[in-house]
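**Student:** Chains as they are written, first to last, in my numbering: chain A, 301 to 730; chain B, 301 to 730.
Simulated from the structure, these hints should not be mistaken for laboratory data.
Nothing here was measured: the structure is a model prediction, and the numbers come from that model.
It cannot be assumed that every hint is accurate.
[To be verified] Reference excerpt, derived from the structure (chain B facing chain A, CB under 7 Å, subset only):
hint, residue
1, Asp342
2, Arg391
3, Ser394
4, Arg396
5, Val407
6, Pro408
7, Ile569
8, Gly574
9, Thr578
10, Ser579
11, Val581
12, Asp588
Just so you know, even glycine gets a beta-carbon here, dropped at the ideal spot from N, CA and C.
Number of protein chains: 2
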Amino acid sequence: MDKTQKTDILKAVDTLFEDEVEFLAELTSHPSTRGNEQSAQDFIVSELQSRNLDVDRWNVEVDDISHLPGFSPVIGNYDDAINIVGSHHSRQNSGRTLILNGHVDVVPVGPLDMWDTPPFEPRTDDGWMYGRGAGDMKAGLATNLFALDALRSLGFAPAADVYYQSVVEEECTGNGALACLQRGYKADAALIPEPFAEDLVIAQLGVLWLQVSLKGIPVHVAYAGSGSNAIEAAIPLIASLHEMEERWNAPEHRHGEYGHVHHPLNLNIGKIKGGDWTSSVPAWCVFDVRMGLFPGQDMDTAKREIEAVLMEAAQSNDFLRNNRPEIVYHGFCAEGYALAEHNTAMADQAITTLDDAHHMVTGDDLDKIAITATTDARFFGLYADTPALVYGPKAEAIHGFNERVDLESVRRVTQATAIFIANWCGLEPL
Amino acid sequence: MDKTQKTDILKAVDTLFEDEVEFLAELTSHPSTRGNEQSAQDFIVSELQSRNLDVDRWNVEVDDISHLPGFSPVIGNYDDAINIVGSHHSRQNSGRTLILNGHVDVVPVGPLDMWDTPPFEPRTDDGWMYGRGAGDMKAGLATNLFALDALRSLGFAPAADVYYQSVVEEECTGNGALACLQRGYKADAALIPEPFAEDLVIAQLGVLWLQVSLKGIPVHVAYAGSGSNAIEAAIPLIASLHEMEERWNAPEHRHGEYGHVHHPLNLNIGKIKGGDWTSSVPAWCVFDVRMGLFPGQDMDTAKREIEAVLMEAAQSNDFLRNNRPEIVYHGFCAEGYALAEHNTAMADQAITTLDDAHHMVTGDDLDKIAITATTDARFFGLYADTPALVYGPKAEAIHGFNERVDLESVRRVTQATAIFIANWCGLEPL
Numbered sequence: 301m302d303k304t305q306k307t308d309i310l311k312a313v314d315t316l317f318e319d320e321v322e323f324l325a326e327l328t329s330h331p332s333t334r335g336n337e338q339s340a341q342d343f344i345v346s347e348l349q350s351r352n353l354d355v356d357r358w359n360v361e362v363d364d365i366s367h368l369p370g371f372s373p374v375i376g377n378y379d380d381a382i383n384i385v386g387s388h389h390s391r392q393n394s395g396r397t398l399i400l401n402g403h404v405d406v407v408p409v410g411p412l413d414m415w416d417t418p419p420f421e422p423r424t425d426d427g428w429m430y431g432r433g434a435g436d437m438k439a440g441l442a443t444n445l446f447a448l449d450a451l452r453s454l455g456f457a458p459a460a461d462v463y464y465q466s467v468v469e470e471e472c473t474g475n476g477a478l479a480c481l482q483r484g485y486k487a488d489a490a491l492i493p494e495p496f497a498e499d500l501v502i503a504q505l506g507v508l509w510l511q512v513s514l515k516g517i518p519v520h521v522a523y524a525g526s527g528s529n530a531i532e533a534a535i536p537l538i539a540s541l542h543e544m545e546e547r548w549n550a551p552e553h554r555h556g557e558y559g560h561v562h563h564p565l566n567l568n569i570g571k572i573k574g575g576d577w578t579s580s581v582p583a584w585c586v587f588d589v590r591m592g593l594f595p596g597q598d599m600d601t602a603k604r605e606i607e608a609v610l611m612e613a614a615q616s617n618d619f620l621r622n623n624r625p626e627i628v629y630h631g632f633c634a635e636g637y638a639l640a641e642h643n644t645a646m647a648d649q650a651i652t653t654l655d656d657a658h659h660m661v662t663g664d665d666l667d668k669i670a671i672t673a674t675t676d677a678r679f680f681g682l683y684a685d686t687p688a689l690v691y692g693p694k695a696e697a698i699h700g701f702n703e704r705v706d707l708e709s710v711r712r713v714t715q716a717t718a719i720f721i722a723n724w725c726g727l728e729p730l
Numbered sequence: 301m302d303k304t305q306k307t308d309i310l311k312a313v314d315t316l317f318e319d320e321v322e323f324l325a326e327l328t329s330h331p332s333t334r335g336n337e338q339s340a341q342d343f344i345v346s347e348l349q350s351r352n353l354d355v356d357r358w359n360v361e362v363d364d365i366s367h368l369p370g371f372s373p374v375i376g377n378y379d380d381a382i383n384i385v386g387s388h389h390s391r392q393n394s395g396r397t398l399i400l401n402g403h404v405d406v407v408p409v410g411p412l413d414m415w416d417t418p419p420f421e422p423r424t425d426d427g428w429m430y431g432r433g434a435g436d437m438k439a440g441l442a443t444n445l446f447a448l449d450a451l452r453s454l455g456f457a458p459a460a461d462v463y464y465q466s467v468v469e470e471e472c473t474g475n476g477a478l479a480c481l482q483r484g485y486k487a488d489a490a491l492i493p494e495p496f497a498e499d500l501v502i503a504q505l506g507v508l509w510l511q512v513s514l515k516g517i518p519v520h521v522a523y524a525g526s527g528s529n530a531i532e533a534a535i536p537l538i539a540s541l542h543e544m545e546e547r548w549n550a551p552e553h554r555h556g557e558y559g560h561v562h563h564p565l566n567l568n569i570g571k572i573k574g575g576d577w578t579s580s581v582p583a584w585c586v587f588d589v590r591m592g593l594f595p596g597q598d599m600d601t602a603k604r605e606i607e608a609v610l611m612e613a614a615q616s617n618d619f620l621r622n623n624r625p626e627i628v629y630h631g632f633c634a635e636g637y638a639l640a641e642h643n644t645a646m647a648d649q650a651i652t653t654l655d656d657a658h659h660m661v662t663g664d665d666l667d668k669i670a671i672t673a674t675t676d677a678r679f680f681g682l683y684a685d686t687p688a689l690v691y692g693p694k695a696e697a698i699h700g701f702n703e704r705v706d707l708e709s710v711r712r713v714t715q716a717t718a719i720f721i722a723n724w725c726g727l728e729p730l
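Chain A on its own, in the form it takes in the complex (with noise of 0.2 Å):
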């Protein structure tokens, strides 16, 4: 790519990046938590349609994937669960094709009285956008969007067809991005843009979900010490996950790409409710657990481990050996992925073509990161030998109150977007 042109994309970004806020704002203000996805996937299809991209919407249905690898087990049904993709088609078809892949999904927002704003009235303060799904990832939605839009008004369309994904679930199972790929939608790179501050992610944890329940008998407190308190039992199995948690971090079990991770492997109760009355004994108690995994460690061996570690803990507690936990596995069932490892030329060249795209934006190498999360790229990566670069702008507070994006990292990433896709599927006149 010459200067001339490195220098009409950025311009052309710039140009548009006034619509991209806007755009953003308004995909922010959408409250897509899960099952609530509808209307922002319904204000997607209505700008992939403005530009006339061929537009996919279906609902994603459980029988289609659920032999896949990868799949995880559903939470709730999937009525509403709907996936979008808008489909470049190129003429030339000279260049390698790409997927660029978003998901509309957020997280729960969390008491409302500890958000400064409300969290689906997004608002822009000192080059922030503050908003729910703001950072975690609309803006990558955005960006995608928005540097084909800046190619386009340079008067060009990628000479590769080019997939550009809205998807659900991926806060909880990833079965949004799988569907994709049992639908059909293949090509030789996908780019993935979660905010991990214009890193690229070269290794993600594997993440497995799992929900305990604990029943007893219960009666009226007058009558009963904490013995036989299902709350109060389900202390000991935390623990006991807790230091199956110090083992699997221990430095003679890690993945080479976190040998200098601090704690990579976080174990969380994510949830937790039990009981009815004050003064009844609680006879139930549920709590929901998140237990990350490295890179190539096997799933069903870590189920195996978590079920000896909850039930040992069981059976030297008098409450819990009469009455077993019962272990639910719900959401994710992810394995890690290492794009550091994906051995193949196309994975070569597309970490090279990003690495270039950065450099001419921002004038450095491109820093490559091992975070402590599961994206969909492990969809790409290991099902579909798709190498799948995760870079993103920079954003804070994801899952968290306030959480917010930074707008000149989103301008910054939807220039090296818009070079990446220049250079990597090759360019034809509209």
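Position chain B against the provided structure of chain A, taking the given hints into account.
**Tutor:** Below, chain B alone, put in the same frame as chain A:
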């Protein structure tokens, strides 16, 4: 009372016992959990009216009682908190007046799948009636009513005013009984047939409810260890409360009636809820605590100690130091009460009269027990100088699953109550 009259009363109860069991079954079928007592109270009203009692039905109003000693902070609103009193006005008024008190509210049923049969579809099996509230304490509402019926079937009414009370809120505040006092219902003694197996309760504990709320800054689990997890932050607070519980139970701190009771003061973590998303470090957790107090133990001092214990535990925890727990008192703020220390002639007479009645029915002396729960007796005893006799049938699994009451015990308590009324109030012809 001569032997013939005694025999007549016992037989009269027997004759009506089928009706009494039917009344108990119908009353138990009303799912009168807090806020849902109206249909049960409607049923009671129709039964009282059919017996020509003078029915007073009113809404408990917080403003009427919140200034009174014994008031407990209210959970929810009282729009549907209906109290019922049916008054018998004696013509002679030659005897001692009496309150026959019972509560119509029941505790939640918990998970339905842990009941052998639906909790509000009472059934009788092998001499037991099963159902939520059958024992605690709709059987008591039956024994009070059918004791009067038995006397009437013999052509008699009490020779002193008798107030049949069906109150709400016993299970969380006692404000229903307090509202009866405020409305002016007073008598020389009160009988409350709570299900303590035909023993007389001579001491009951105080009960304090509090809710502890933890809030912090949530983050994506990828970035957090357990130190900032609001659910796990509750664990050391619970542990410190149990340490306090052990101190309070120490022999040197015990009330005399509880010297030989195993672990009289129970601290119960009755409810917990926290977190919104398995992969978000939870920013909030709320748990509900019930703690017992000895009779005479000062409520304000107890609250200050609980607060100090929680704040000290918070101080030594990284998360809690920056996110101090919030403590809200709602529900029980109930002092203990010892009938054994109710040193008035009227109290002595009441106990003796009940002792005699119990002996006439069972042939046994009346056992006297100190219980580790509270009852509405405290309002009569502490705030109206009215000796309150807690004496009712045998029940099992109150507050639990498959709650049940022993029907032969119900029969005996009805007989003893009828004899007690005859001797306490005297009798006059209808």
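**Student:** Indicate, hint by hint, whether the structure satisfies it.
**Tutor:** Going down the list of hints, with the structure as the test:
no.	hint	in the structure
1	Asp342	violated (24 Å)
2	Arg391	violated (42 Å)
3	Ser394	violated (40 Å)
4	Arg396	violated (31 Å)
5	Val407	holds (5 Å)
6	Pro408	holds (4 Å)
7	Ile569	holds (5 Å)
8	Gly574	holds (5 Å)
9	Thr578	holds (4 Å)
10	Ser579	holds (5 Å)
11	Val581	holds (6 Å)
12	Asp588	holds (4 Å)
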